[in-house]
Amino acid sequence: MPRSFDSNCTLPPEGTNFVSSPALRGTTDIVWSCTSVILICTWSILHLNVPQQSTPSNKLQAFRRSIQRFVRKLKWFLFNLAAPEWPLGKAWANHVSVKSMEAKFAAIAKKDGIPWSRAHSNFANMGGFVIKFGMKNDLTNDPNIWVVDASQLLLARELGIIDRLPTVLQDDLDDRNKGDIVVKILAVGQIGWFVIQLCVRFAARLATSQLEILTLAYALCTVITYFLLRDTPKDCQFSLSVPAVRHPSPSELFRVALLGPMPYMLLIRDHFWIPDSYVHADHTMPMKGNLFAVTVGSIVAVFLLGCVHCIAWDFVFPTDIERTFWQASSIMTAAAIPVGFLLGLVHTVVLRATRIDQQLYRRISSVIFSYSCVLLGVLFFVSRIFIVVEALRSLAFLPPNVYATTWSVNIPHIRDGQS
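Mapping to numbering that gives the first Met the number 0: the sequence shown position 149 is 148, numbers consecutive.
Please note that a few of the clues may not be correct.
As the list claims (entries may be wrong) - Straight-line C-alpha distance at most 25 Å; calculated SDA-like pairs for lysine to any residue: (1) K177 <-> L239; (2) K74 <-> L38; (3) K131 <-> D162; (4) K98 <-> L197; (5) K183 <-> D162; (6) K183 <-> I223; (7) K183 <-> V299; (8) K103 <-> S20; (9) K233 <-> G376; (10) K177 <-> L38; (11) K131 <-> H246; (12) K109 <-> L153; (13) K183 <-> Q236; (14) K131 <-> S56; (15) K183 <-> R117.
What the hints assert, rightly or not - What follows is a set of in silico ranges between Cβ atoms, one per label pair, in the way DEER data are often shown: (16) V187 <-> P337: 53 to 59 Å; (17) T15 <-> P337: 54 to 60 Å; (18) R229 <-> A403: 36 to 42 Å; (19) R63 <-> T15: 52 to 58 Å; (20) A352 <-> R63: 27 to 33 Å; (21) F78 <-> K177: 17 to 23 Å; (22) Q236 <-> C309: 18 to 24 Å; (23) S19 <-> K58: 35 to 41 Å; (24) A203 <-> V18: 18 to 24 Å; (25) G14 <-> A82: 53 to 59 Å.
Hints are computed from structural coordinates only; laboratory data are not their basis. C-beta: ideal position from N, C-alpha, C; glycine also.
Please model the entire structure based on the sequences and the hints provided.
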């Protein structure tokens, strides 16, 4: 049995005016089409917060700042590549946060006589607005600025710390928005072509590779994330100052801090900017609503990923045991995080239903919950790694009709230059 196959096509005769695409695709065509979709999806959904503000005094410092900001984007690109459920979960949490404040912002903006939209709230959640005080206030432990998100900005306006919302025209926001429309068009076009060609293959009963199913999961998460981020500016590098009319009282400071963004799974904030791992409060559920929303969004994302992996349930695998492992890993990917979330809810109910003196029940519940979470986490991680490795390994064991092409090859898309 041959290990490799070199496809050859005869040259057309002189005078030929049109040559159709070949009815065959190679392994590199499959790899390149999948890689291009995954990379462009992961890069194009990066909507990072306004970075920490600094003013370089020479070219070397400016170069270092540029490198730091690029490394920051590269770090989140690689993280999103490894965990595609995170950007979807965070986008959902931000969507919930902005929606919960929409009516209040509209009422105050009308009172102040200024334009305000979801894009303004999203810009605030990125750290785009900074409340600036005239002199140092020992209560804030900071010389003269507050970097606030939308929820804190709204409360500061309601408390009278600022006398009006910042006036920023939509054109100004669009000017700060560095989202490249060409990149988005390429991303949407490539995703659209990829989904169409998969649908055509399924309709024609042509085999599909496991790597293409893995790529489909990334594409679906990206489409949903795109929709949730449709009003979010991209790559804004500078914040806008909002003058304060007075300093807050200690109680007001506590209320503003309570609504502040929080790092996921942690309870402290020690930055004078808003890091990209922070999530924002649901205005109706401060402290809890932000973490709950991003958790629910991530659960939906991992469930979607697992369900998509199940499409390859009866595909051709190198061995039967590998097919069984793929099936188990697909189920585990879809179910592990939701089951852990349900266990957390049960554990919370047990703690609330038992009295403080019933320490035995509380301890048993805590032990079961802790060990279950560790076990589910390990199984989820191993399943995710197996699916990626198996998708790559299966490329060497694909059935012959995987390499047959369809009419979708004629749709414009990014493809291997040698194909």
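Do the hints match the structure? See the list:
1. K177 <-> L239: holds (16 Å)
2. K74 <-> L38: Within the cut-off at roughly 14 Å; holds.
3. K131 <-> D162: holds (13 Å)
4. K98 <-> L197: At roughly 35 Å apart (the allowed maximum being 25 Å), L197 and K98 break the hint.
5. K183 <-> D162: Violated, because 38 Å separates the two Cα atoms, which is more than 25 Å.
6. K183 <-> I223: holds (14 Å)
7. K183 <-> V299: holds (24 Å)
8. K103 <-> S20: violated (57 Å)
9. K233 <-> G376: violated (33 Å)
10. K177 <-> L38: Holds. K177 to L38 sits at ~19 Å (cutoff 25 Å).
11. K131 <-> H246: With a Cα-Cα distance of about 10 Å, the restraint between K131 and H246 holds, given a limit of 25 Å.
12. K109 <-> L153: It holds: about 13 Å lies between the C-alpha atoms, which stays within 25 Å.
13. K183 <-> Q236: holds (20 Å)
14. K131 <-> S56: holds (23 Å)
15. K183 <-> R117: Roughly 20 Å between the alpha carbons, so the hint for K183 and R117 holds.
16. V187 <-> P337: 53 to 59 Å: Cβ of V187 to Cβ of P337: about 29 Å, so the range 53 to 59 Å is violated.
17. T15 <-> P337: 54 to 60 Å: Given range 54 to 60 Å: holds, Cβ gap about 57 Å.
18. R229 <-> A403: 36 to 42 Å: holds (37 Å)
19. R63 <-> T15: 52 to 58 Å: The hint (52 to 58 Å, Cβ to Cβ) holds, given that R63 and T15 are roughly 57 Å apart.
20. A352 <-> R63: 27 to 33 Å: violated (55 Å)
21. F78 <-> K177: 17 to 23 Å: holds (21 Å)
22. Q236 <-> C309: 18 to 24 Å: violated (42 Å)
23. S19 <-> K58: 35 to 41 Å: violated (54 Å)
24. A203 <-> V18: 18 to 24 Å: holds (23 Å)
25. G14 <-> A82: 53 to 59 Å: This hint holds: roughly 55 Å between Cβ atoms.
Violation of the numbered hints given earlier is confined to hints 4, 5, 8, 9, 16, 20, 22 and 23; the remaining hints are satisfied by the structure.
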